[in-house]
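Please build the complex by placing chains B and C on the supplied structure of chain A, with the hints as guidance.
As they're listed, the protein sequences go chains A, B and C.
Sequential numbering from 0 applies to the first sequence in numbering that gives the first Met the number 0.
Sequential numbering from 0 applies to the second sequence in numbering that gives the first Met the number 0.
Sequential numbering from 0 applies to the third sequence in numbering that gives the first Met the number 0.
What the hints contain is simulated information worked out from the structure, not anything from laboratory work.
Incorrect hints may have been included.
Listed next, the in silico DSBU-like pairs over lysine-lysine satisfying Cα-Cα at most 35 Å (straight line) [said to hold, decoys possible]: (1) K164/C / K197/A; (2) K164/C / K5/A; (3) K4/B / K93/C; (4) K156/C / K167/C; (5) K3/B / K92/C; (6) K3/B / K93/C; (7) K32/C / K120/A; (8) K120/A / K156/C; (9) K32/C / K164/C; (10) K93/C / K197/A.
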Amino acid sequence: MGKFGKEFAKGLILSNPVFVLALGLCPTLAISTSIDNALGMTLAVLIVLIGSNIIIAAIRNFVPSITRIPIFIVIIATLVTVVNLIFHAYLPATYESLGIFLPLIVVNCIILGRAEAFASKNPIKDSIADALGITVGFMIALLIVSFIRQLLGTGNLTVFGVHFFTLPGLGEHPIVAFVLPYGAFLVIGIIMAIFRWKGVIKSE
Amino acid sequence: MQAKKFWKTASPVILLTIVVAVCVSILTYVDSITRDKIAAQENAAVEEMLATMFPEMTDYKYENEIYTIYDGEEQVGYAFLAIGSGYGGDINILVGLEDATTIKEISIISQEETPGLGTRITEPDFTNQFIGLPIDDVALSRDGGQVDAITSSTISSSAVVDAVRETALEKVKQLTENQ
Amino acid sequence: MSELAAVFIGMVLINNFILTRFLGLCPFFGVSKQLNSAISMGVAVTFVMAVASLATWIIRTYILIPFDIEYMNIVIFILVIATLVQIIELFIKKTNAGLYFSFGIYLPLITTNCAVLGITLINVQESYSLTGSIVAALGGGLGFTLVLAMMSGIREKLEMADTPKAMKGLPIAFLTAALLGLAFLGFGGMI
Numbered sequence: 000m001g002k003f004g005k006e007f008a009k010g011l012i013l014s015n016p017v018f019v020l021a022l023g024l025c026p027t028l029a030i031s032t033s034i035d036n037a038l039g040m041t042l043a044v045l046i047v048l049i050g051s052n053i054i055i056a057a058i059r060n061f062v063p064s065i066t067r068i069p070i071f072i073v074i075i076a077t078l079v080t081v082v083n084l085i086f087h088a089y090l091p092a093t094y095e096s097l098g099i100f101l102p103l104i105v106v107n108c109i110i111l112g113r114a115e116a117f118a119s120k121n122p123i124k125d126s127i128a129d130a131l132g133i134t135v136g137f138m139i140a141l142l143i144v145s146f147i148r149q150l151l152g153t154g155n156l157t158v159f160g161v162h163f164f165t166l167p168g169l170g171e172h173p174i175v176a177f178v179l180p181y182g183a184f185l186v187i188g189i190i191m192a193i194f195r196w197k198g199v200i201k202s203e
Numbered sequence: 000m001q002a003k004k005f006w007k008t009a010s011p012v013i014l015l016t017i018v019v020a021v022c023v024s025i026l027t028y029v030d031s032i033t034r035d036k037i038a039a040q041e042n043a044a045v046e047e048m049l050a051t052m053f054p055e056m057t058d059y060k061y062e063n064e065i066y067t068i069y070d071g072e073e074q075v076g077y078a079f080l081a082i083g084s085g086y087g088g089d090i091n092i093l094v095g096l097e098d099a100t101t102i103k104e105i106s107i108i109s110q111e112e113t114p115g116l117g118t119r120i121t122e123p124d125f126t127n128q129f130i131g132l133p134i135d136d137v138a139l140s141r142d143g144g145q146v147d148a149i150t151s152s153t154i155s156s157s158a159v160v161d162a163v164r165e166t167a168l169e170k171v172k173q174l175t176e177n178q
Numbered sequence: 000m001s002e003l004a005a006v007f008i009g010m011v012l013i014n015n016f017i018l019t020r021f022l023g024l025c026p027f028f029g030v031s032k033q034l035n036s037a038i039s040m041g042v043a044v045t046f047v048m049a050v051a052s053l054a055t056w057i058i059r060t061y062i063l064i065p066f067d068i069e070y071m072n073i074v075i076f077i078l079v080i081a082t083l084v085q086i087i088e089l090f091i092k093k094t095n096a097g098l099y100f101s102f103g104i105y106l107p108l109i110t111t112n113c114a115v116l117g118i119t120l121i122n123v124q125e126s127y128s129l130t131g132s133i134v135a136a137l138g139g140g141l142g143f144t145l146v147l148a149m150m151s152g153i154r155e156k157l158e159m160a161d162t163p164k165a166m167k168g169l170p171i172a173f174l175t176a177a178l179l180g181l182a183f184l185g186f187g188g189m190i
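Excised from the complex, chain A in its bound form (with noise of 0.2 Å):
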């Protein structure tokens, strides 16, 4: 498994950037009832990483220290600002559902921290492969809440209007609570044990 592989790897378990780095938790718990508003914001996410990702490592070696930090803000705003025009004008839908979440992923520590961690100390090629592997287990992370919130929370396995199926009992009476923020905390929360339950992260 070549360098590529394991960065990529790394991302998906070891280094799950929500289950157990805690990171970019905001957008998860708002965004994560259903597995539409999961899709969405992965491709916002997987845009703007990769993008800060590149650019960063290409530039690495003539950015100063100290106006660092400034200059990795201005690039992965410029790109979130890109990802926001574009997808209100074409992708309307998922711009209203993603809200006030789009902008926000500026500030999502996920991507400065990709940055600030590995892109500016890694080559053009190893950077991409960090992006894909952490975009992919934090789109395995929205995914997998979404699915139980969406489920508990409505009844119904929605996707992109494609209706695949409804719960027997829930479809009628769903357990609206799952797609209320309490719902997100609870899930959640019950996960991270069972990351830890299982060993793949020290309990503290």
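Quick look at chains B and C alone, frame taken from chain A:
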């Protein structure tokens, strides 16, 4: 020697300026290609709702926050936005008027009510009650009006009712004053 | 006046930044183990939110809108916030070294706190006036501090409780937040 020193202090600033300049240009470019599409979308959304409410509509005018709906040369109704204070936030309602005394129809544009309870204000069972309702009768049944509230969601229901009635009365006043 | 009060209460309780809007979560789980640091953090964040709201409102009203460059708001807002936090950091370092030390890394991290950028964006979204924006920021910050303080009090007690190993730390914190969120649901419909 002096050149090197100058470069050392100036390079962070120069680089930052270059990065900012590049970013600003990119943003300006992306804005220019998306701006029209975004504006068109917002208009399209409203137009679609108006068309659903007034199937015979061929044209409309927007002035002083009131939409006047036309079928050819004939004025067939009015529409305006009403905002209610719901349980979880603002409820945006499109209200259609047949004339100065009767509601044509209402359409809930957006709301943040409790799923399964307050969100039922968007269901036809609730909104259909407003069809053809005289403005004076827009009140909850318990208050002497003609609108039945949704069980266990009196706050959401009355938010809609109050917003529709108050704004309708306001707009009607505005219309009669301008005539 | 009553409108401002409604905005304020709405921000603190009904649409609480942490428990309803999910903004400001990273420090929420990182800092909130001790009541003192929780409150200091809360106050610092509230201050930044208020000043940032003021600065961004001015920039938006007098520069962004007149020049029709509203799409630049994300970039400009975050730069304003970053600069603000830098200035505050220098100020605290010079005037109260002890406080500076106790904040540690969490002070610069206020820059990436979703609550700060969040309030500036909410102000735009809701088209608040200057006073409205500042009131909203103070309310949001107060709500944030309130929940942070509650959380730290609970976590202090949790440290001594017999928590299952897998639950220790973050998981039980999340579950606690869930219960707090459930309790706060009761505030809905207050205004």
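Hints that the structure is at odds with (numbers, increasing): 8, 10
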